[in-house]
Amino acid sequence: MCAMTSAQRVFTTLSHQEPDRVPLALNLVLRGARELGLSIRDYFSDPANVVEAQLRLQQRFRSDVLFGFFHAALEYEAWGGEVVFTEDGPPNSGAPVLGSHQPLSSLRLPELAASKGLLKVLQAIEAMKARVGDEVPILGVAVSPYSLPVLQLGFDRYIELLLGDRAEFWTLMEQNIAFCQSWANAQLAAGASAIVYFDPLASPTLVPRSLYQDTGFQVAQRTFAGLKGPTVTLLASGRSLGVLDDLAATGTLGVGVSCDEDLAQIKAACRGRLCVIGNLNGLAMVDWSPAEAERQVKAALAQAGPGGGFILCDTHGEIPWWVPDDTLMALGEAVQTWGRYPLVGAEAHA
Amino acid sequence: MEARTLRFEAALLSMDRVLCRSLLQEAMGEERQLEGIEHLLGPALAHIGDRWEAGELALTQVYMGGRICEDLLADLCPTSSTPVAGGPRIGVGVLLDQHQLGKRIVASSLRSCGFQVLDYGQGLEPLELARLARKDQVPILMVSVLMLNSALRLRELREALGEGPERPRLVVGGAPFRFNPRLWQEVGADAVGQTGVDAVAIAQRLLEESCAP
Numbered sequence: 129m130c131a132m133t134s135a136q137r138v139f140t141t142l143s144h145q146e147p148d149r150v151p152l153a154l155n156l157v158l159r160g161a162r163e164l165g166l167s168i169r170d171y172f173s174d175p176a177n178v179v180e181a182q183l184r185l186q187q188r189f190r191s192d193v194l195f196g197f198f199h200a201a202l203e204y205e206a207w208g209g210e211v212v213f214t215e216d217g218p219p220n221s222g223a224p225v226l227g228s229h230q231p232l233s234s235l236r237l238p239e240l241a242a243s244k245g246l247l248k249v250l251q252a253i254e255a256m257k258a259r260v261g262d263e264v265p266i267l268g269v270a271v272s273p274y275s276l277p278v279l280q281l282g283f284d285r286y287i288e289l290l291l292g293d294r295a296e297f298w299t300l301m302e303q304n305i306a307f308c309q310s311w312a313n314a315q316l317a318a319g320a321s322a323i324v325y326f327d328p329l330a331s332p333t334l335v336p337r338s339l340y341q342d343t344g345f346q347v348a349q350r351t352f353a354g355l356k357g358p359t360v361t362l363l364a365s366g367r368s369l370g371v372l373d374d375l376a377a378t379g380t381l382g383v384g385v386s387c388d389e390d391l392a393q394i395k396a397a398c399r400g401r402l403c404v405i406g407n408l409n410g411l412a413m414v415d416w417s418p419a420e421a422e423r424q425v426k427a428a429l430a431q432a433g434p435g436g437g438f439i440l441c442d443t444h445g446e447i448p449w450w451v452p453d454d455t456l457m458a459l460g461e462a463v464q465t466w467g468r469y470p471l472v473g474a475e476a477h478a
Numbered sequence: 095m096e097a098r099t100l101r102f103e104a105a106l107l108s109m110d111r112v113l114c115r116s117l118l119q120e121a122m123g124e125e126r127q128l129e130g131i132e133h134l135l136g137p138a139l140a141h142i143g144d145r146w147e148a149g150e151l152a153l154t155q156v157y158m159g160g161r162i163c164e165d166l167l168a169d170l171c172p173t174s175s176t177p178v179a180g181g182p183r184i185g186v187g188v189l190l191d192q193h194q195l196g197k198r199i200v201a202s203s204l205r206s207c208g209f210q211v212l213d214y215g216q217g218l219e220p221l222e223l224a225r226l227a228r229k230d231q232v233p234i235l236m237v238s239v240l241m242l243n244s245a246l247r248l249r250e251l252r253e254a255l256g257e258g259p260e261r262p263r264l265v266v267g268g269a270p271f272r273f274n275p276r277l278w279q280e281v282g283a284d285a286v287g288q289t290g291v292d293a294v295a296i297a298q299r300l301l302e303e304s305c306a307p
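Chains as they are written, first to last, in the working numbering: chain A, 129 to 478; chain B, 95 to 307.
Mixed in with the good hints, there may be bad ones.
[Stated by the list, open to error] Not the full set, but computed from the structure, chain B residues with beta-carbon under 10 Å of chain A: (1) W146; (2) L151; (3) C171; (4) D191; (5) M241; (6) N243; (7) S244; (8) A254; (9) A269; (10) F271; (11) S304; (12) C305.
I should point out that these hints are in silico values taken from the structure, not numbers from a laboratory. Predicted model only: the values in this text are computed from it and were never measured. Glycine included, each C-beta is placed from N, C-alpha and C at the ideal position.
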């Protein structure tokens with residue numbers, strides 16, 4: 129088979145056919161600061177930094193996608209939160225936007241035009257698109273309306289709202305759905321090929337399926353109905369098996385799966401309807417040797433690669449700062465060596 | 095598990111506070127108060143934690159189970175003369191991060207099983223948390239983290255806790271430890287909890303070890 133562009137490779141596998149090889153998706157956004165010798169705060173202060181570093185890293189580590197993403201805390205900031213920067217990790221959200229005694233009615237729907245951080249992301253996506261055209265897919269990221277309240281209210285208060293006051297819950301969701309649609313569509317308009325819908329609370333690790341079906345599932349359906357492009361859903365390392373039918377019914381194209389799960393079982397359950405994205409353990413990767421990285425890639429390819437519909441990725445959606453370059457190089461090499469269709473070599477070596 | 099404990103667990107999972115209260119009152123009436131609590135709450139919460147770890151339950155259920163137990167105890171054992179208030183003291187806190195769900199589950203589970211909890215809050219710097227634990231002379235300090243870079247800074251906390259028999263034992267938990275099983279040893283912790291409700295069994299074990307000759 130002739131070599132494909134990254135975009136052809138990714139979209140072929142999303143349509144459940146075998147491309148020339150398994151696509152590799154590495155979110156290396158944080159590593160860009162190190163690449164340019166900048167502090168993480170300075171790095172994110174100028175979208176040109178992110179564009180330059182991400183293009184370099186995408187080529188060096190042979191990733192098939194670019195992430196037009198800075199950090200999830202930017203959405204929290206748009207709602208009024210205060211971002212906390214560190215020297216060696218993703219910018220983090222500070223205290224919940226609402227204090228414990230502040231009513232939900234005090235939340236104000238942000239205007240994108242007034243959210244400087246989000247505008248920088250849009251500038252970065254536009255600049256990436258200008259550089260790579262249609263060769264490399266650019267993924268935008270939006271925190272789901274259903275999971276965003278963890279940052280707006282705090283997890284404990286949100287659980288009690290979710291379980292105790294469904295009317296207030298839906299009032300909050302109305303605002304969050306409007307924001308998510310606006311933010312995701314702005315990224316698509318800037319040049320993103322698809323949206324990563326970051327929805328940890330869809331996972332039965334965090335919320336029982338029956339509750340998800342009554343709440344987050346409906347939120348996803350309503351949100352997606354207003355989006356002008358495709359989505360894949362990431363569950364942030366949470367388990368997916370119990371909700372695969374529901375996720376498929378939302379219309380999302382793919383699902384990020386946990387390293388706690390049997391990849392072959394997940395692939396069998398997803399075949400033909402959801403692309404499987406995963407499931408290398410990003411936290412354990414910190415300690416992997418290049419040989420271990422190759423072994424892990426082979427095992428994943430053997431379990432989920434056959435038939436297409438599989439993108440090799442870490443389980444969380446962002447490579448930690450502390451993962452060595454040699455390990456990432458080995459990942460890219462292993463996909464080049466063992467990820468070509470048909471996957472006889474990977475299966476034999478797994 | 096005993097039939098009553100299984101019924102209590104089922105009532106917790108369905109958030110049937112009336113039935114939970116009734117079963118707890120029944121247990122406290124038949125046994126001495128603390129034993130009644132220990133025989134019902136501890137095993138039920140531990141089993142819920144095990145089932146979460148096995149992928150059978152969701153974290154929201156673990157959290158609500160702990161909250162209901164905590165509320166029941168506050169209602170049924172409201173004064174400082176109860177055995178619950180006189181139990182061993184455990185410090186809890188969140189290092190650097192703001193997400194405190196794990197800490198709340200830990201605190202609820204400990205309180206439900208007779209421990210006194212000193213809640214140091216969240217977003218804490220390593221040296222600040224070490225100072226608080228040493229000042230209060232807690233035998234055990236339980237620390238939750240969300241991010242890997244926060245977990246790695248537990249080394250600073252461990253160093254600041256010092257050495258010797260009076261040093262607070264350091265117990266860690268949070269997502270980085272679930273996905274990297276060696277990390278707790280690398281940061282110098284004395285124990286790791288895979289779920290918030292593991293806190294009870296770990297605290298009991300460490301306290302027994304500290305009393306051993």
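The hints, checked one at a time:
{"no.": "1", "hint": "W146", "result": "holds (8 Å)"}
{"no.": "2", "hint": "L151", "result": "holds (7 Å)"}
{"no.": "3", "hint": "C171", "result": "violated (22 Å)"}
{"no.": "4", "hint": "D191", "result": "holds (6 Å)"}
{"no.": "5", "hint": "M241", "result": "holds (5 Å)"}
{"no.": "6", "hint": "N243", "result": "holds (3 Å)"}
{"no.": "7", "hint": "S244", "result": "holds (7 Å)"}
{"no.": "8", "hint": "A254", "result": "violated (19 Å)"}
{"no.": "9", "hint": "A269", "result": "holds (7 Å)"}
{"no.": "10", "hint": "F271", "result": "holds (9 Å)"}
{"no.": "11", "hint": "S304", "result": "violated (31 Å)"}
{"no.": "12", "hint": "C305", "result": "violated (34 Å)"}
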